[in-house]
Amino acid sequence: MKHPSESQLALFAGGDVAGYWERWLISRHVSRCGDCQAEVRALSEASQQVRAVAPDLPADLNWTRLADEMTGNIRVGLAAGEAIARFDRPAARRPRLGWNAALVLSCATAVFVVAFWMSLPQPQAQHLIAALQRIRSERIGSVVKPAAAAQDEVVLEASSSSIDVRENDRTMSLTHPRSDGVTVSVSLRGSAGMRYVDADTGQVTTNKVYYAEP
Amino acid sequence: MPSRRFLSLAAAAGLCVSAASGAAVPKIDLPKDSPVVVLSVDPGDSSETARGGALLLDLHAALSMRNASQRRIHGITLAVTAQEITPGGKGSVTITSLDVGPGETFPVRVDMRLLRPLQASSNVPVEISLDGVLFEDLSFYGPDKLSSRRTMTVSEFEARRDRKYFKSLLAEGGAERLRQEIVESMARQADRPSLDVQVVRGGRATNLDPEKQVQFAFLHLPDSPIEPMEGVARIAGNEVRAPRLEVKNRSDRAIRYLEMGWILRDHNGGEFLAGSVPAELNLAPGKRSPILESATLKFPQRGGQPLAIEGMTGFVSSVEFADGSVWIPSRADLSSAQLQHVMAPSDEEQRLFQIYRKKGLKALVAELNKF
Amino acid sequence: MTVLVRTAEGYMSDLGAPSELEASQRAAQELQNRFVSDNLRRIFLLIYRIVQNVADAQDLTQEAFIKALQRHEQLKDAEKAAHWLSRIASNTAIDFLRRSGKVNFCEIDSLVEPLREPSESPEQAVLRSEHRAYLEEGLTFLTERERTALLLRDVEGLGADEVAEQMNCSKATVRSHIANARIKFRRYMDRTRRQSGRKKS
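Residue numbers (this note's numbering), protein chains in the order written: chain R, 455 to 668; chain C, 406 to 776; chain L, 460 to 660.
In short, the hints are calculated from the structure, not lab data. Take these hints with a grain of salt, some might be off.
A few chain L positions that, by computed beta-carbon distances, are all more than 12 Å from chain R [claimed, not checked]:
| id | residue |
| --- | --- |
| 1 | ALA482 |
| 2 | ALA523 |
| 3 | TRP543 |
| 4 | ASN627 |
Here are some, though not all, of the chain R residues that point toward chain C, as calculated from beta-carbon distances under 7 Å [said to hold, decoys possible]:
| id | residue |
| --- | --- |
| 5 | ASN516 |
| 6 | THR518 |
| 7 | THR637 |
| 8 | VAL651 |
| 9 | THR655 |
| 10 | VAL658 |
| 11 | VAL663 |
Virtual Cβ for every residue (Gly too), placed ideally from N, Cα, C.
Just chain R, same shape as in the assembly (with noise of 0.2 Å):
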């Protein structure tokens, strides 16, 4: 009696063999045969095996942590996807690498920018620039090699004659006052604000940046 293969064996104990002429004739040798029989039911086994602990979390994995990260990176890829769609424009006009490559980094940019403010620590907000670099270019349908993020510091400052943005040790400044008797304000949620008096109108103005969702 010439027996099945292991593979048609290991196919049939799964209900996945191909063609109805094949599965009948496997099936009536098992049903004769007490080794295949023995084989299908040893690897029927070993597909219940897989089913049973593939529920099980890897040991030594803080369960409750992991998914309030995962929860909380979600709504925060999702926000920052809601951003980036303002910036969206077809990719047939936009046929440049350079363009696609900045959008991924903006799409950095705005996790982190979102990021700090649900307080993510950094190796967290880095699982989640990855995960919207890949949903980016998905998006786009061309394979981009996003740049490294380097590691650089956003600084904030104010000081009486400007609001300054330093990154790269580049300072970009931000806020030109028209008159005197500025008076300088930062907040820690994420704003600084120059008040003044506008010498043309006599107006209390205050100029106010922000690095977040107010």
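Chain R is already provided as a structure; the job is to place chains C and L on it using the hints.
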């Protein structure tokens, strides 16, 4: 261990730089039922320039607006948006201490520099939208995304407090008494130490000075609905990290927002108002709540001796109740030696100083008598 | 003192009273939150079993949910949404392995490769956690493509046709992966049993 925040616009190096030129003419977006309308926009010498990995939008626009409502306008906040993703892309202009009657026109200047990622289209104009208008009766119109209702309401309360105070001086001691107070106040402002301050994301340790945990001292204002109970922050040299405070609502109304002023004392005994710690809460009467911040404040050296921080004092600078009303310190509270020395004058006081400086005492008296 | 708020749409409300818009936004948010909490563990494990790395599995799980939730109109039917999410998740994991360049899902592995020695026998794995570790180790003997095919077929319950579609291979190739995976796992279990039998005797 403090975590680091890493962020780079310059990693877009190697990209093609789009030719950025032309005036950045803003696009004004007001809803149909807006209480203000824009009569004209003059972009002035607004421009955009590529700088490294970003576009720097230099705005110097002059708007002429009209009060199209039936009520007097006391404050307006416009949101100015170049982009909402990277830092420095969004700003606002708030004008308080206004008094614009129905049908009257008033100017608004937008003098601001904002940033945009380099490859964003230079054809997309900067958007100016209305965040809020505060009326004389303290009613408000607008989406209030920048919390301008709260900011302008606090400013309006301060304005009313200060005008009442100056008018009482005028009534008690005449114009000369008023002049004396204004001059002293202006002198205090001139002497007020101005401190350059940096807010750093993530609390990264940038100096090697040993870190110590320091308790907050608190200025207790008797009428304040919030009582600060305790607070700590970590201090290392010229950096203050991660303040943690606990406060109690001692009023009979629920509180939804408060702002704590933060005074720092250096090793020479000099005191500075460093910044504010805002907190959105939902604090029922009698309840306590923590306030936590993960930012770091840094005080860079600008000539002279480096700053070393020795102590901190907190005080409640404003409270917003759940029903939208606000509490601010009284003039009596502000007359404490410590606060008088560090607090900047209110918007209205600043405006009155300017009137006195430019037009003299008579003009100041006339201005106060309008209210 | 009550301060009235007027929104840009001209809607007047007292502070604190939710508008219809706010209520519907809250309902949508709750639906989203429930979708995530109901499916998070299952999807994480599916992806983790494929990529065998917690950090990568975290990234990819987040990515899968973000992709799924961006098309929130699909969430209305919970069962369909869960099934559709599984597809997104396995696609995401497969794409990840494919992009890593290390895995070609359409090559078939040889069954003759020698199996390394298991570190533990089933009899030694008395506690549930140890037993699980032993079974998990068995999965590491499979190649990425065998493991992916096996998980999608035997754990997720997808038909062989669907697995082929997800892995972007022919049905015949996928059947080979499934068969090899079951055989290897069975051999792993046999060997560890034989080993423990020898140790006892």
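Hints, verified against the model:
Every CB of chain R lies more than 12 Å from the CB of L:ALA482, the least distance being 20 Å, so the non-interface label holds. The Cβ of L:ALA523 sits about 9 Å from the closest Cβ of chain R, inside the 12 Å cut-off, so the non-interface label is violated. With a least beta-carbon separation of about 16 Å from chain R, L:TRP543 lies farther than 12 Å from that chain, consistent with its non-interface assignment. Taking the minimum C-beta to C-beta distance to chain R, about 15 Å, the non-interface status of L:ASN627 holds against the 12 Å cut.
Contact between R:ASN516 and chain C, as hinted, is not supported at the beta carbon level, the nearest pair being about 18 Å apart and thus beyond 7 Å. The interface hint given for R:THR518 is violated, since its Cβ lies 20 Å from the closest Cβ of chain C, which is over the 7 Å cut-off. With 7 Å as the threshold, the beta carbon of R:THR637 comes within range of chain C, its nearest partner Cβ sitting at about 4 Å, so the hint holds. Annotation: interface hint on R:VAL651 holds; nearest CB of chain C at approximately 4 Å, less than 7 Å.
With a least beta-carbon distance of about 5 Å to chain C, the hint placing R:THR655 at the interface is held under the 7 Å criterion. Interface hint at R:VAL658: satisfied, since its Cβ lies 4 Å from the closest Cβ of chain C, which is below the 7 Å cut-off. Interface hint at R:VAL663: satisfied, since its Cβ lies 5 Å from the closest Cβ of chain C, which is below the 7 Å cut-off.
Taken one by one, the earlier hints fail for this structure at numbers 2, 5, 6, listed in ascending order.
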